[in-house]
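Peer 1: Spelled out, the chains give:
Number of protein chains: 2
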Amino acid sequence: MKQSQMLIPTLKENPADAECVSHRLLIKAGFIRQNASGIYSYLPLGYKVLRKIEAIVREEMERAGCLELLMPAIQPAELWHETGRWDIYGPELMRLQDRHGRDFALGATHEEIITSLVRDELTTYKKLPMTLYQIQTKYRDERRPRFGLLRGREFIMKDAYSFHADEASLDERYKKMYEAYTNVFTRCGLDFRAVIADSGAMGGKDTHEFMALAAVGEDTIAYSDSSDYAANIEMAEVTFIPKASDEAMLPLDEGQAKQDGQALIHVQVFKDNEDQLVAVLYAAGDEVNDIKVKNALNATLLEAAPEAMNWSQNDILTHFDNVTILADNGIKNIVNGVIEASGKTLHFNVNAARDLSNVQFADLRMIKEGDPSPDGKGTIQFARGIEVGQVFKLGTRYSEAMNATFLDQNGKSQPLLMGCYGIGVSRTLSAVAEQHSDENGLCWPTALAPFAVHIMPINMKNDEQKTLAEKLYQELGHQYDVLLDDRNERAGVKFADSDLIGCPIRVTVGKKASEQIVEVKVRRTGESMELSVDEVAAFIEGHLS
Amino acid sequence: MKQSQMLIPTLKENPADAECVSHRLLIKAGFIRQNASGIYSYLPLGYKVLRKIEAIVREEMERAGCLELLMPAIQPAELWHETGRWDIYGPELMRLQDRHGRDFALGATHEEIITSLVRDELTTYKKLPMTLYQIQTKYRDERRPRFGLLRGREFIMKDAYSFHADEASLDERYKKMYEAYTNVFTRCGLDFRAVIADSGAMGGKDTHEFMALAAVGEDTIAYSDSSDYAANIEMAEVTFIPKASDEAMLPLDEGQAKQDGQALIHVQVFKDNEDQLVAVLYAAGDEVNDIKVKNALNATLLEAAPEAMNWSQNDILTHFDNVTILADNGIKNIVNGVIEASGKTLHFNVNAARDLSNVQFADLRMIKEGDPSPDGKGTIQFARGIEVGQVFKLGTRYSEAMNATFLDQNGKSQPLLMGCYGIGVSRTLSAVAEQHSDENGLCWPTALAPFAVHIMPINMKNDEQKTLAEKLYQELGHQYDVLLDDRNERAGVKFADSDLIGCPIRVTVGKKASEQIVEVKVRRTGESMELSVDEVAAFIEGHLS
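Taken in order, these protein sequences are the chains called A and B.
In terms of the working numbering, the first sequence opens at residue 1 and continues consecutively.
In terms of the working numbering, the second sequence opens at residue 1 and continues consecutively.
Do not rely on the hints blindly, as some may be mistaken.
Where chains are identical, the list cannot tell them apart; a pair therefore holds if satisfied intra-copy or between any two copies.
Unchecked claim - Listed below are the simulated DSS-like cross-link pairs for lysine-lysine, each with C-alpha atoms no more than 30 Å apart in a straight line: (1) 344 <-> 466; (2) 521 <-> 332; (3) 176 <-> 466; (4) 126 <-> 471; (5) 28 <-> 52; (6) 344 <-> 332; (7) 294 <-> 512; (8) 52 <-> 176; (9) 2 <-> 126; (10) 466 <-> 243.
These aren't lab readings, by the way, just hints derived from the structure by calculation.
Note that the coordinates shown come from a computational prediction; the quantities given were computed from them, not determined experimentally.
Use the sequences and the hints to build the structure in full.
Peer 2: In structure tokens form, the structure reads like this:
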């Protein structure tokens, strides 16, 4: 492609409203343009990258035995009423009426549509399992669209849905999709972790999120420095339990004065969905993890209720029969500890083995950096991540609500077991840009680069340079996507644009064109060398393959 | 692909609501499913065909030097206010509000968005010309969605927009796109005509519509039986003017009795946008063409006003100074004609040369079957057509409204000249299905077929048949998209499904499998023969290439 005929509107200045690296560079390098808050156009360079990601996704989905289809964005409200999500989805779901006043949703996701499609078709175990996917535009009216393509309102997703007769089949598919996702993000050149995630509101079971590591990420990941263990910080199990000290146990509440070095226990109070008060005891310096408390109680709702208790001395362990007391494993072996709440000391010389024998212990705290990894390998570190994919065992949440059943081998009607699997295609584009850049611009991985090679005659008015550049453009064009900067611009402008766009290899045709010598530069490493024209193809092949 | 693992939900019965061949067969053969009125899902087979059409469109656009990009479906109302189309587009434009109450349109077309994108970029003649295109989902809330994908509310279009500094450049691009469209529809196997169309409401100049010929088409085309002349019936020029008879002229209004064989002239009355009355004289048996009258008058609006005149004898040619009188060329040489209006005779012995010398003559009638073709070659025939594409010289309609200007070679600011070019991608799919079927199902052209070869072992429980079928599946799979019907269904069901789906070649593996003999059948012609396994590949290559 000749650059004079392309639309690559690079900017000299940083765009004022860009909030992160990828947002800034994708606009500055002319890959995308904003049309409204959270709504973008992909200009030719951006669209080329997007199509390469789509091709990788498609290849891996086909390899994993998924079938591609395409569902509509406009979805009748009736289907969303069947699952109850018309009412519970909230303002993120964009809605509209047609000319007859009928309600429709703009698809934020496609569980309802796909379930309505298959309930008429997958009616016997003989047709199971089946996994269907689409690459399609999704709509979510984010409260606060930001970071360019990272949190947009109109974006491109690959969403897949699998249907099964039994858990074993769902498990197998989940594993296969997990592997396919690992392949996709690896091929896209992402530094990512598959993290254990919270299945919470979706009502399912197992779920992993694929997180591209990046400081701008909105989620915190706890990962092992020595294994592939990773989890959303809220989901990371704490297995480490401090040992008991060899101090002698002192009598409870005797002495009445806090000693230096005594272990401190804090109390946090919650109210569950049945208004039952819950007091959680945990080691000072730790942080209670609401999700773990909720799971320990099997509660559907949990609210902090710090004002609900009127503390006085010596009361938590003895005077509150109507309060459920839970304790974090971190104080399981505590010796002569002190319980404090709301700034008051409640008990002295608390010994878990003696005084907390009736209390339910569980893992109730947030994991911390430095904790041992739950898989026994290495130490926990924190990182920020951008969610680029998720695999999810939905179970029968949708099939039961929408009456999508099949006849099993015994002729018995059963709800379909379902899994769902998403990849943020446009978000992946941004995540790659977020990870692959330097102070001069983007540095695309070869698999996604809009062009593999950028040929740069320094002076198009010089016949030798022009002729040699065009010869290279022809020759290399047989094998690679090549961009030829045939513009009559100053060399400085052309180099700056080239760095900004970030093709993996640049071939500069300058003064030594007359000697058939060019400069070849690797964008990512900055490595650069003079080569004779005959050596260029071999160098590029060696580098890009 | 193994059929047991595909989703091909064929139906035994015709769908009750299907209104035309393509709608019926695409549903019956399991290519599409309706989700709501005018809103469809493309199941795996349908989506495979759609992707093949997209690939052809993309190749021809690239070859014509167009740049691909992707614009959003959600478009801010502000842009539509700039062109005034927010108010004039009517209920076909789907509209919604975001959570902040801001107005958006769901893109029915993208003139506003593309013009807003380029007005910041294409600011000098040096960057012109440029043609940008996208393949994208469009939304139009049709008053009466019907015929399956032919008139849907959510559909897929390729839309291209070109930008130019002068008319010559726009003309050249128009010609190039016309050729590219001819290539696209030819490669898709469509029987089509490029017809001269009405640029009417869009405010542009030249325009051609590409019409796939089909009885279900909503437009009537006038075409020559001996050349490539074709036009929308309203646009077809009538060049034929009957010669004068050699009768002697009789005095006007003398005799007062109609003679057998006298030529009859009718009068039709209109009111224009300035309430001026217009009477059109034309030969009985012809039909007045409103568009031609409007153009002759240079009027923006024209309404029939049959009650506006109070006729009495001998008045039209003498008593109505306040009425504009126009006459169709068909009565230019009339001799001793009779003028009638509203059942009354107004004049006898009208002779154009004598009595209509002050009247403006023009081509004002609809063309008829049997008229000479306006290009002088052959005779006009009528056909019905489905509009699958349109090329259009927009001129400065949008660039002026949206202030999209460039500096010309003299440094003078000028509005960009624009062209726009659309292909109905999903409609093309239906149009091909409409043209390529027989009583048993679809007959896909090779270029669009979801699978090139359908291998059909009659009995999967017969080891010889199964083994031979799988061997052919492997071997032919290296070169073609092959579908293997590995289902344990009755032969009758399998054959019926195969005819319905309509792959170009079927290889049936039956009783002669033990002799390494199979039956090969060409779907379109019904031609069928027994071949030894070794001959199959060569036959298929010969047939499909």
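Peer 1: Against each hint, give a clear statement of whether it holds in the structure.
Peer 2: Comparing the hints with the structure gives:
When the C-alpha separation of residue 344 and residue 466 is checked against a cutoff of 30 Å, the pair qualifies neither within a copy, at 82 Å, nor between copies, at 81 Å. In the homo-oligomer, the alpha carbons of residue 521 and residue 332 never lie at most 30 Å apart, since the shortest distance is 60 Å inside one protomer and 78 Å across protomers. In the homo-oligomer, the alpha carbons of residue 176 and residue 466 lie at most 30 Å apart only across protomers (28 Å), although the nearest pairing inside one protomer, at 51 Å, exceeds that limit. Only between protomers do residue 126 and residue 471 lie at most 30 Å apart by alpha-carbon distance; the minimum there is 24 Å, versus 59 Å within a single protomer.
For the identical chains of this complex, residue 28 and residue 52 are intra-copy neighbours only, at 21 Å inside a copy versus 35 Å across copies, given an alpha-carbon limit of 30 Å. In this homomeric assembly, residue 344 and residue 332 come within 30 Å of each other (Cα to Cα) only inside a single copy, at 22 Å, whereas the closest approach across copies is 111 Å. Neither within a single protomer nor between protomers do residue 294 and residue 512 lie at most 30 Å apart by alpha-carbon distance, with minima of 71 Å and 68 Å respectively. Taking identical chains as interchangeable, the C-alpha atoms of residue 52 and residue 176 lie at most 30 Å apart whether they share a chain (22 Å) or sit on different chains (28 Å).
For the homomeric pair residue 2 and residue 126, the shortest alpha-carbon distance between copies (14 Å) is at most 30 Å, but the shortest distance inside one copy (54 Å) is not. Taking the closest pair of Cα atoms, residue 466 and residue 243 never come within 30 Å of each other, the shortest separation being 75 Å inside a single copy and 66 Å across copies.
Violated hints for the displayed structure, listed by number in ascending order: 1, 2, 7 and 10.
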